[in-house]
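Could you build the full structure based on these sequences and the hints that come with them?
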Amino acid sequence: MFHRLCLEQLLKPKSPNTDQASDTAASGRDAKQCEKGGECSQINDKNHCSKWKHPDYCPDGGHCKNQQFDHLKKYRHLPLCSKSHKCIDYQKEVKEHCEKFRHFAPRCPYGNNCVDFHNKKHIDEFSHQYPTPCPYTPFHCSLYDDLTEHRNSRGLSNAVHQHCLNFAHVCRAGRNCTDTTQLHWSRSFHIARNLCPYGEKCLRLTDEEHLNSFTHPNILDIRLLCSEGDNCSDRANADHVAKFRHSIADETGVVPYYSLDKGSDFTKNHREVLERVKRYAEKNNWKPLPSGTIPKDILDWVHTVFPIHRCNPIIFESILLHGHVMSRDYMERLKNPKFVATSVLQHSRLRRIDGLKTPACENDARQYITALVCVEFIENNFTSAMTQGMDLLDTDTATPAAAHPDTKAFYQDIIKRKENRLALTIGNQDVKAIRDKTLQIAQASINLHSNPAGIGHQPDKILRTDKHVFSILGPHQGHYYGDVIVIFKREILHHPDSNISMQAATTYLSGNAYKWRPWLGQAPGSQDERVKQYHATKLHAGVPGYDYALSAELMALTSLHQKLNSLDVSIKQILDRWTSVDSHQTVEAHLPQLIPLEYIDHVYIPKNIYENLSEDAMRAIAAVFRNRISVAEQIVEPVDKVPTFAPRPPAKMRAEYQDACVHTLLFRYKKYTSQLALNYHQGITMTIRPTNFEEHYVLPLTIRQAYEHYRIMESDPSTANTTYIYWKAANGDMMITLSNEEISPTEHQPNLRSLICYVAPKPSVTDDNYHEASTYLSAGHPFQHETIVLKKTYKIKSNHFYMGCNVNDFFTYCLEIHRGTGHIVLSHAGPNGIYNHNAMVCAFSRSELDLTTLNFVHVSAGKHKVPMRNLIICFDRQPNLHPTFDRNFRKKLDLENGGGSRYCHWFGKQMNFVQVHRQIRKIYGLSDPQIHTKLYDYQKQPLNTGKYRTFHDYIDSNGLSGNSIAIYLYTYDEDVDNDVISNVLSSKEIIPYVDQSINTFRMSHAIEYSFINEINRLKRYVRELINENGIDSVLLQLFENFCTIYGYVFSILLPLQQQQNDPTKAVEITVYLNNLEKIYEIFESTKTLLHRNMSNYRRNRTYSTVRSTFFQFYNNVQILRNRWLRNDTRKIDSTLPVLTHSDERKPICVYIQGCEKKLDEQVSLCLSTIKYLLQILQILKPEKHIISGSREAAIVIDEKPISKQIRRTKH
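Residue numbers for the sequence shown follow full-length UniProt numbering, so the first one is 1 and each next one is one higher.
Derived from the structure by calculation, the hints contain no laboratory data. This list has only true hints and no planted wrong ones.
Here are the in silico distance ranges between beta carbons for each label pair: (1) ASN627 to ASN880: 30 to 38 Å; (2) GLU529 to ALA720: 37 to 45 Å; (3) ARG435 to THR793: 45 to 53 Å; (4) ASP70 to ASP124: 22 to 30 Å; (5) GLN91 to ALA720: 38 to 46 Å.
Capping the alpha-carbon separation at 30 Å, the derived lysine-lysine pairs in BS3-like fashion look like this: (6) LYS83 to LYS120; (7) LYS86 to LYS120; (8) LYS1019 to LYS243.
Glycine residues also receive a C-beta, built at the ideal position from the N, C-alpha and C atoms.
Okay, here's the thing in structure tokens:
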């Protein structure tokens, strides 16, 4: 623990005899008193004590618990007992022991910046100045949110005030807090997140995880929760996201997992694909890559490109009505009513019915749906799969369907009975929804049977690709599939059942793969060998190494196509080739066989196809896609009955439509790839189906495979023998199981050994009392979960694992397996790792569980589905997944908390330096006595305060100006000497506001202040106020004033600030000073305007920031003016009289007029923008428009929107 040094320092023995002897020796030589007093770290050093005196022991002896800095310095103290306040002898009041040691909880060295406020062990071992932390801080205390956001705190209930007084909370502003009141600091702790290195230029201001990890200018660390959550239409609005965080929606559908890639070693595939390309290039003397590695822009494209599917109108209607995109194999099974019933129950509308989550109700619904489908099939003479009779239903009827004289009547009787039961359970409205959806899907299944998807090649069944949904990873020019273009979200590519094939999988059986990609070698003679080679070259986006393998093949194909004989290929050349060949020659992505509509990012559809859709399909579009569908204006021709495998369709309008869509997609990639690449998907992503931990899904990557890839690809692999598994998940109640064998639910596995990592459901944040179920680590079989919880046989458990976490977003977990020592660590990574430090640590002996044998990784869910994403296995700690905080923040001198110059009011000529020092510390909120500070003068030299009786004596002795005295406050570690401080001084500047009657005229130290940055900030703040509160006369006047001042900054303040004490520039300085005198009216009027309207914006933080920033700006203008009036202008006066506007000397008058003209032009330019800006604000205020990288609606050719070709549908 980082507190160990503090304890060791306190536990250092201080011998009374030695100290007394040293003091006696020092006293004999008339030594001076050591300035560190009882806190001196060299108090037992004889050489030191021979020169310096030290105080006597505290009269309270072992009973002293006073930790105030003044007291600790005034007296020496007995050492702290190693067991501190938990000492048994202390609790028994053993006199002999208590006379030798002190017993108390030492003060936390991090004070109000302590990050371990939710760590019960830390809170118990160390004392803190604030009360008990609220268990819901920092994200979920509604009472604290009310207090910080309410404009009039007096209107709040007593419960709010009492809670915020009784409990401490994390300050929402973090390191940027400007509230220096004692009440705030005594009830708050300030966690100093690391600053975003890009500051105001950050490109990720709509990335929730990034905003929750780093501190940004003008954005609170802890933002309020938006009531719209993930469905908020302002998610892409940076101004909105800067104020509100968003919860994730729980609408992600479950993509079933069928282990379609079982047996594939993808890490081996990736390495061998890459090696084949390298060997081929070397053998044929191709020019190598200049940098020796694949260009970043190609990797970025591979990391972010979306899979795209094409289909005909019949298939598209079936997709809409079923609520899923389906593989050809899945469609074949829709002949069976039982299978149709399963499909109906997975529809998004039915998943929202809570009653269907209970087994009894779900069983009734399944029988009801199956009976409805049977009746529909009978009425349409579609009974090919209904020969089994009673096997279609698990009913409680005495007469089976096969034995019933009227089969249709039998099913109708089941329908009536189950309908009545369901109506009592879930209500008539939901029963009607089930009936309507069932009939729609049954009818769609009948229509679909005669129009199956895909080209229908027999090789698809041989290769087992018919069990996947086909797509192209990038622009899809397979016009023979149909003209409805469906763009999937990137995350579906990371599902365990997905895979990627360079070119069409069927090219292996046809032999074209070996012609088009000669590095594959000679085509095997047998079909089985070709199928085997296909499976040995598949790639998986969730397994490391796929990006380099895929990029290498794309570069090699492009080089062959363009006869470059080089691997030095650009992304532009790759895309040029891409659009000139048939889609079977690009990249084929095989997706899971059943994909819910939530995984569709966007749809493009021609006008005539859209208008001919059925009413049911149109209603589904309105309910599901909304702004995720674009309708082109083209009236396209029918698809050719005999497909032509060429990049463009022969029909003119179809070709025009396809070109427009391809250009749009390429424009999207060009515009958004660099931004999407900042936070691209990694590892395995899936939504785990709830099975109450009866099903455990094995991932397509084992620990040994991952390590083998890491060892080969890493130039300097770690020798720590530690495995890290990171993953994100929502809601909790899931299990990660590591085992030595793949877990089977049907087989007896006596040799199975496994590590169970169970994370509990996220706690409720609305209960008055915090409660959390147990998260645990254990060895055993995952089927024993309930027994482990009941009998408490886990290795370690925690009931505060989520305390301090943001439960409205994904949790990022980190599981560390230290194979050498047997230790297991489970902790929070990501943004929650900043505020939660409740890591769970345990150790297993080899006899309990041999960690070196664990290889297979399984995931499972309890009673609710669990969206999981970005599961990765690695062997180095990932720093990017562990955003940190600045532990030394409280010891640093930062100008961010206010900036520029601050004023310290001087309240009398008798004020001494002790009072000055105390007053300055109070201004900066440095109330903690453990923070050591020193005063430095305007020359940044140590200030000898003992030399002056009062502060007035210091001013008078040094001939300083009474209006601008710069004093620096430096905070330092105890052992830093003055020379070091002088060398690194970059501290806070204090300008005491002193008596105007002091007649001294020496100029203070040069002022460093950015007028440009501050006036830009003021203008931005007013824009924010207008966005928040609407346009009113006060805010308009403020904005106009700031625009006027903006002109003055460039024409007067900045030139004057940059001038040196050069008599040859006397004319320029005088002109600037004369103009500066003329503009004071605008500052005074702005000051009055801000004061007059305080009551209207009393609780508005932005308005308060405007006031404080402007007053600081005005103060620095006055400092700049006084700087020249007190010193430089007097030097100028000796060589040239001060000029006035009546001066008749022509050269000077011309110069003045030129400056004034330049000033007027600058101000006019600023003011001319106001009217235009207000017009824009009026236009944008009523309606909010979102354009995001993944949801671009306009089709673009040559980067120009073609409004006539595509329009967005509105419902």
